[in-house]
Each structure stands twice: as structure tokens, then as C-alpha cells.
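*Asks:* What follows is each chain in one-letter form.
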Amino acid sequence: MTEAAPAEPPVATGTASLLRAENLHKSFGGVHAVFDISLDVPTGSIFAIIGPNGAGKSTLLNLISGIYQPDSGSISLDGQDLSGMRSHRRVRLGLARTFQKIRLFKQLSVLDNVIAGFHVHHKIPAWQCVIHGTAYARDRQHCREEALRLLEFFGMNARLNVFAGELSYGEQRMLELARSLATRPRLLLVDEPAAGLNAAEVEVLLDRIRTLRSRGITVIVVEHNMDLVMNVADRIMVMDYGRHLFQGTPSEVQKNPAVIAAYLGGELS
Amino acid sequence: MGYFLAALCIIALPLIFNDTYWRTNLTICAINVLLALGLDFILGYTGQLNLGHSAFYGLGAYVSTLLIIKLGIPFWAAFVAGVAFAGLAGMFLSLFAVRLRGHYLAIASLGFAVIIYQILLNWISLTQGPLGIYGISPPPAIVVGGTVIADFRNLTAFFYLVSGFTLLVYLLLDQLVRSPVGETLTAIREDEVSAASLGINGAAWKVFAFGLGAAVAGAAGCFYASFVGTLVPDAFYVNEAFTILAMVIVGGMGTLFGPVFGAILLTLLPEILRGMGDLRLVVYGAALTFVVLFMPGGLVQAARMVQDKLRPGGRGS
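Top line first, the protein sequences correspond to chains D and Z.
All letters in the first sequence, in the order written, are residues 1 to 269 by our numbering.
All letters in the second sequence, in the order written, are residues 270 to 586 by our numbering.
Source of the hints: derived by calculation from the structure; they are not laboratory data.
Given the structure is predicted, the values throughout are model-derived calculations rather than measurements.
We put the CB at the ideal spot given by N, CA and C, even for glycine.
Treat each hint with caution, since some may be false.
Stated by the list, open to error - Pairwise CB distance ranges, derived in the manner of DEER restraints:
hint: 1; chain 1: D; residue 1: Tyr169; chain 2: Z; residue 2: Leu562; range: 39 to 45 Å
hint: 2; chain 1: D; residue 1: Ala199; chain 2: Z; residue 2: Cys278; range: 58 to 64 Å
hint: 3; chain 1: D; residue 1: Ile131; chain 2: Z; residue 2: Ala346; range: 39 to 45 Å
hint: 4; chain 1: D; residue 1: Glu152; chain 2: Z; residue 2: Phe273; range: 34 to 40 Å
hint: 5; chain 1: D; residue 1: Asp81; chain 2: Z; residue 2: Phe273; range: 54 to 60 Å
hint: 6; chain 1: D; residue 1: Lys101; chain 2: Z; residue 2: Leu357; range: 36 to 42 Å
hint: 7; chain 1: D; residue 1: Gln107; chain 2: Z; residue 2: Phe286; range: 34 to 40 Å
hint: 8; chain 1: Z; residue 1: Ala572; chain 2: D; residue 2: Ala195; range: 36 to 42 Å
hint: 9; chain 1: Z; residue 1: Leu562; chain 2: D; residue 2: Glu152; range: 58 to 64 Å
Make a model of the complete structure from these sequences and hints.
*Replies:* And the structure:
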């Protein structure tokens, strides 16, 4: 597995790497969910992690976001070591995520879901939480405006006061993205964003992810649908059974016999 | 505007009910409102199923009373100490149970209430156990320049003191839940993993909310001891915790107004039904069951539904 180590520099034009993980291991019981994975995500790129169901993609994402801690190996964001840091602390460093199984605040309105995402950015002295003053009013106004902009970006501005639990599946995906962006991330982790979406919704989604990249946000997309990431990702890592299978540009991935074998379930010839 | 009306109600109530019986009930009502507000902050806003609220109520009562009686500390200093002690006990329990949620936290908090009750009952050298503590004085009269402004041996003055304090607590909690703190707590209630993905430290905020709610219960305990003048452990048995829980649920958790209404209703309903003799418990129980079965969001939800039906073009549900 040494050839997968980040000694091999990323091909993408971005020189600096934002996220770097080295030799990550994570097992549950006797199962190696993630086995010796290393990755290097260039700043400003869209990095896709693909693989069949059960390949360990979501576990890898949970290691990066801090929901799990690795058994061994290290992760750093922009040079800062994330070892042992819990997920809520990582958000302050600019790391945001969405979930494969959507996790919204179902009994809060669409607008309140996004406003909850500003948690780490409020600029209110503590006493103004009890006795509301001008800083409170300014913060409210500011959060509301920014939330409206985010919701407009995802085409949700007609649904502001609807409970999140009443939205359609596609709308819930968009709302979760809007909420994660409220934390103003540098690196956004998106876990199977297209699951349950129809073709038109997937198109919108891919377009928004590209726009985020153009605004300087690095995106890691986990997906088991290979076709979907082919025209959006700058670089793709393929996983199978928790292990690193291949890494390269979309066209390289498409031609690689090992990847094809993993996807079609055939024997390597 | 709402606060102005509430203040008017508080001023008018003891003038309308001018006998000792009803004025006593009014003060007990105000104390129960305080208890329900504290529990609602823990349960309704932060989603921590606390079945041991009676413990913090009892700690506030006993700590403040013992400080006054054993050490001769002035009432208001003992009040602050009682509130702080109850708050710290709440934070301690929440810290201890930080990995527990739902039913597990419910059992842990229930166990805590039983332990506190047993301590109050069995530490006879300190609490006099089931014999109780008698002759607890009301708070000292407020005297300005030789004139007595408020003498708390007077039932009306005591009612104004407790209800004024309760109104202040309501005001501060209302401001708090409409600030980013409120958003943070409801986010934790809805989904803690999701909240963590937004940078929210769920454990720390849960400890904060539990401590604050327990401190409010401690304040209720201090008022209770000085109002009734007698302390026995049975006043803080776990069934008291379930009564407070019923007030919050019947009124509507996750709103501040609901528990206020629930507390008033469940304090006064048994008194109003007193004429029915033993049948009143049946009616009381049936009313509780009815609310929980048909209005899971409590009376506040029911009121909103009626409001929506009456308003043309309003949202359906």
C-alpha cells in the first residue's frame, strides 16, 4: 500500500493540499472498515471517494469529520493535526459535512435549521443573550440575511417557514447542504448526496457543488454511483473492502481494470 | 404587552381571592409555575428526560433552611446558596449522565431523586428526618427608612414576592430561548450528532441547561420552605417530580407559556374538584390521560389548532 502514500504528489493544478490523511485504520470488531487509507486533497478541488456499498467510504468520512477516531494513522487540515479532536471542534477549523441518512432538525423551520448552523459565528456578548441589545439585533439581522442567501442558492426561499420534516426528500438534501454551509466551511464533506434524488435534482446538485468550488470551497464527495462523479470530480479515489484500490483523474479511473473488476464483480485477468 | 397583562393579573389575583385558603393556593401555584419552567427548560428545550426534578426542589429548600437555622445566615444569602447548590447538583447529575439519553437518563435522574429523598429522610442529625423542621421564618420584611414596605408574614405580600420572581425568571428564560442559546439547545434536542456537525458541543450545553433548570427548582424550594414554615422529606418524594412532569406535558413542552398554564391548571384543578370527594382523583387522572392521548403537544398545541381553524387562510395543521 506504500504506493498510495502521499509521497506521490497530486496532479491537480492546486499546489497546496487542504486535507491530508496518512495510513488510516479503523476496524469494528474483526472487520477492517478502513484499512491503510492515505489521501491528499488539493485546496479548491472536488475530490470524490467512490466504491461499492460497504467499501468503507462513509467510515472514512466519519474519521475525517471526527465522529470516529482512527485506530491508527493521522489526519491534518491545512497542516493542523486533527488527532483526538472531537467533531464539534473541527467545525471551527472550517470542516463541515452532510449525512448519508439526512439528519435535519425536523421540528424546526427551514430558516431555523440554517440559522442553527451559525452557532460558531455569533458575535454576541453573553449577557445580550439574556438582555437583548444592539449587538443581538445586529447578529439576528445578519444571520437571517445570510441564511436567506444560502436558501436562495439552493432554491429553497419559498419554503422558509415549513417544518424541515415536511419537506420532500430532495428539498431535505438541499436544506442540509445549506445548513452545513452556514458554518462557513473551507472543506465540505458530502456523503452520498444523490441518494434518492431524481435526475433533474442530481443535475442541480452537481451544478451547486461546482459553484461551491468556484467560490473556493474544497469538496469531498462520497458516492457509490460512479457515473455521477465522473463529470464533477477533479480527482477520484476508489475504495473496495476498506482498502485503497486506485486513485486518479476520472478518465484514468474509467480505464483502470481493477476498478472495473470491483464494480462489475468480475475476476481480475 | 404580555408582561404588562401578566403583571396586572398578578396584582389583581389576591385582591379578587381575598380568603386565606385561595391566597395560599395562589402562592403554591406560583411556586409550581417556577418548578414547571425549570423542568421545561431541561426537558422541553434541551430534550433531557429528567424524572428527578423533585430532588433539586428539595435541595433548594433544605440547603437554604439549614443554612438559616444552623448557621444563622441571612435569608437572601441562604436563598442564593440554595439556588447555587441545586444548580450545581443538576450540573453534576448531567455531567455524570452525559452519555445517557432518553430512558437511561430518565432512570438515572429518578435514581438521583430517590437518593436525595433517602438522605433527607435518614440523615436525622442534620434534617431531623421524618420529624421535619418546624417554625421556619418567612423572608425578612423590606423596610425603607423605618417604614415597612412589604411584610412577608402577610400572604398577599408573599404571593407578590414569589409571582414577581417567577415573572422575572419567565422573562429571562424567554429572552434566552429567543437568543442563539435557544437555537443551540433545540438543535441538541432534535439531533445531537447533527448539532455536533455544526460545531455545537452537546455535552457542555446539556450540563448548562440542566444546571439552570435545577437552579430554578432550587429557588422554588427556598420559597416553599419559607412559605409553608415546615419541611418534611415527603414534600420532595419522587411523586412530586411526576406532578411537575405532568404540568409540563399537559401545558405543552418546548414552549414557556405551556408549562405556566399546565402548572396553574394542575394546581387548582384538584382544589376545584375537592367537592367531589374521592371521585376527584378519578376525574383528575382521566383529564390527564385525555390530554396526553389527544393533544400530545399539550394545551398550547390545542390552542394553536383552534386558532388556525378560526383564522381563514391559516395553515392547516
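*Asks:* Does the beta carbon distance between Tyr169 (chain D) and Leu562 (chain Z) stay inside 39 to 45 Å, or does it fall outside?
*Replies:* Given range 39 to 45 Å: violated, Cβ gap about 31 Å.
*Asks:* Would you say the C-beta atoms of Ala572 (chain Z) and Ala195 (chain D) sit inside 36 to 42 Å of each other?
*Replies:* About 40 Å separates the Cβ atoms of Ala572 (chain Z) and Ala195 (chain D), which means 36 to 42 Å holds.
*Asks:* Could one say that the CB atoms of Ala199 (chain D) and Cys278 (chain Z) fall in the range 58 to 64 Å?
*Replies:* Given about 60 Å between the Cβ atoms, the range holds.
*Asks:* Can you tell me whether the CB distance of Glu152 (chain D) to Phe273 (chain Z) sits inside 34 to 40 Å?
*Replies:* 39 Å Cβ-Cβ, so the 34 to 40 Å window holds.
*Asks:* For the pair Asp81 (chain D) and Phe273 (chain Z), does the Cβ-Cβ distance stay inside 54 to 60 Å?
*Replies:* Because 56 Å falls inside the window, the suggested range holds.
*Asks:* For the hint 34 to 40 Å, verify it against the beta carbon of Gln107 (chain D) and that of Phe286 (chain Z).
*Replies:* 39 Å, holds
*Asks:* So does Lys101 (chain D) sit 36 to 42 Å from Leu357 (chain Z), Cβ to Cβ?
*Replies:* 38 Å, holds
*Asks:* Does the Cβ-Cβ separation between Ile131 (chain D) and Ala346 (chain Z) fall within 39 to 45 Å?
*Replies:* Given a distance of about 25 Å, which is not inside 39 to 45 Å, the answer is violated.
*Asks:* Within 58 to 64 Å: is that where the Cβ-Cβ distance between Leu562 (chain Z) and Glu152 (chain D) falls?
*Replies:* Given about 42 Å between the Cβ atoms, the range is violated.
Consistency note: the structure conflicts with the earlier hints numbered 1, 3, 9.
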